[in-house]
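Student: Sequence:
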Amino acid sequence: TVYTQIGVNTNIFSPKGCTVKDLEKHVKDEDKAKLADVKTLVTFVGKFADWKRLDAVLYAAAEYEKEFPNLGTAIVGHGPPEAVELYEGIAKKLELKRAFFLGPKDQDVLAELFSMSE
Numbered sequence: 001t002v003y004t005q006i007g008v009n010t011n012i013f014s015p016k017g018c019t020v021k022d023l024e025k026h027v028k029d030e031d032k033a034k035l036a037d038v039k040t041l042v043t044f045v046g047k048f049a050d051w052k053r054l055d056a057v058l059y060a061a062a063e064y065e066k067e068f069p070n071l072g073t074a075i076v077g078h079g080p081p082e083a084v085e086l087y088e089g090i091a092k093k094l095e096l097k098r099a100f101f102l103g104p105k106d107q108d109v110l111a112e113l114f115s116m117s118e
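Numbering of the sequence shown is given in the UniProt record's numbering, commencing with residue 1 and proceeding in unit increments.
No wet-lab data here; the hints were simulated from the structure.
No residue lacks a Cβ here, since even glycine has one placed at the ideal position from N, Cα and C.
Each hint should be verified, as a subset may be incorrect.
As the list claims (entries may be wrong) - Cβ-Cβ distance ranges computed for the label pairs, FRET-style:
id, residue 1, residue 2, range
1, G89, G7, 37 to 47 Å
2, G89, V8, 34 to 44 Å
3, E67, H26, 24 to 34 Å
4, Y59, P81, 14 to 24 Å
5, K93, T40, 19 to 29 Å
6, Q107, R53, 20 to 30 Å
7, L86, I6, 40 to 50 Å
8, R53, K92, 16 to 26 Å
9, A36, D108, 21 to 31 Å
Said to hold, decoys possible - EDC-like mimics (lysine to aspartate or glutamate), calculated; alpha carbons at most 16 Å apart, straight line:
id, residue 1, residue 2
10, K97, E65
11, K39, D22
12, K66, D37
13, K47, E85
14, K39, E118
15, K34, D22
16, K47, D106
17, K97, D37
18, K32, D22
19, K97, E30
20, K92, E30
21, K21, E112
22, K92, E65
23, K97, E63
24, K66, E95
25, K93, E65
26, K97, D29
27, K34, E65
Working from the sequences, and respecting the hints, build out all of it.
Tutor: Dropping the structure here:
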């Protein structure tokens, strides 16, 4: 393609762009039904560590889900099993309806996620 000819790393930059509909191939099967109303996406990428403040993202999601019914949250990353359990537990306690824990992803998938995110 033209992009690779001019030196663009298409594993990092997604020139064709992606939409929130493309998120379906990355979410767990049990979460696919939650995607129906999602038109806009906020994405967190990072290690599940307290200093990354994923808890703050989840509490913010609880607020913006009330105000914006078409806004979802993609959470990419991982950490120790107890950290994963902690943050998934917070999301459950907050009754987040449009939060998607995607696990760790490679650069090409991150490029897609960033392309579809606000």
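Student: All hints are to be evaluated individually against the structure, with a verdict given for each.
Tutor: Now for the hints, and whether the structure bears them out:
About 44 Å separates the C-beta atoms of G89 and G7, a value consistent with the hinted range of 37 to 47 Å. The hinted range of 34 to 44 Å is satisfied by G89 and V8, whose Cβ atoms lie roughly 40 Å apart. A C-beta distance of roughly 25 Å is found between E67 and H26, which places it inside the suggested range of 24 to 34 Å. Roughly 22 Å separates the CB atoms of Y59 and P81, a value that falls within the hinted 14 to 24 Å.
Look at K93 against T40: about 24 Å separates their beta carbons, and that is inside 19 to 29 Å. The beta-carbon spacing between Q107 and R53, approximately 23 Å, falls within the hinted interval of 20 to 30 Å. The beta-carbon spacing between L86 and I6, approximately 44 Å, falls within the hinted interval of 40 to 50 Å. Restraint check, R53 to K92: a C-beta distance of roughly 19 Å satisfies the suggested window 16 to 26 Å.
Range check, A36 to D108: Cβ separation about 26 Å, and the 21 to 31 Å hint holds. Only pairs whose Cα atoms come within 16 Å are accepted, and K97 paired with E65 is accepted, the gap being roughly 8 Å. The hinted pair formed by K39 and D22 meets the criterion: a straight-line CA distance of about 11 Å does not exceed 16 Å. Between the alpha carbons of K66 and D37 the distance comes to roughly 13 Å, so the proposed pair stays at or under 16 Å and holds.
A threshold of 16 Å between alpha carbons decides the hint, and for K47 with E85 the separation of about 13 Å falls inside it, so the pair holds. Under the criterion of a C-alpha separation no larger than 16 Å, the hint pairing K39 with E118 is consistent with the structure, at around 10 Å. Of the supplied pair hints, the one linking K34 and D22 holds, its CA atoms being roughly 14 Å apart against a limit of 16 Å. Straight-line distance between C-alpha atoms of K47 and D106 comes to about 14 Å, which keeps the hinted pair within the 16 Å bound.
Between K97 and D37 the alpha-carbon distance is near 10 Å, which keeps this suggested pair within the 16 Å criterion. With a CA separation close to 11 Å, the supplied pair K32 and D22 stays within the 16 Å bound. Under the criterion of a C-alpha separation no larger than 16 Å, the hint pairing K97 with E30 is consistent with the structure, at around 12 Å. Distance hint between K92 and E30 is fulfilled; the C-alpha atoms sit about 14 Å from each other, no more than 16 Å.
The hinted pair formed by K21 and E112 meets the criterion: a straight-line CA distance of about 11 Å does not exceed 16 Å. Distance restraint check for K92 and E65: the Cα-Cα separation of roughly 14 Å lies within the 16 Å cut-off, and the hinted pair is therefore satisfied. Only pairs whose Cα atoms come within 16 Å are accepted, and K97 paired with E63 is accepted, the gap being roughly 12 Å. Taken as a hint, the K66 and E95 pair is honoured in the structure, with Cα atoms around 11 Å apart against an allowance of 16 Å.
A threshold of 16 Å between alpha carbons decides the hint, and for K93 with E65 the separation of about 14 Å falls inside it, so the pair holds. Between K97 and D29 the alpha-carbon distance is near 15 Å, which keeps this suggested pair within the 16 Å criterion. For the proposed pair K34 and E65, the alpha carbon gap of about 13 Å is at most 16 Å, so the pair holds.
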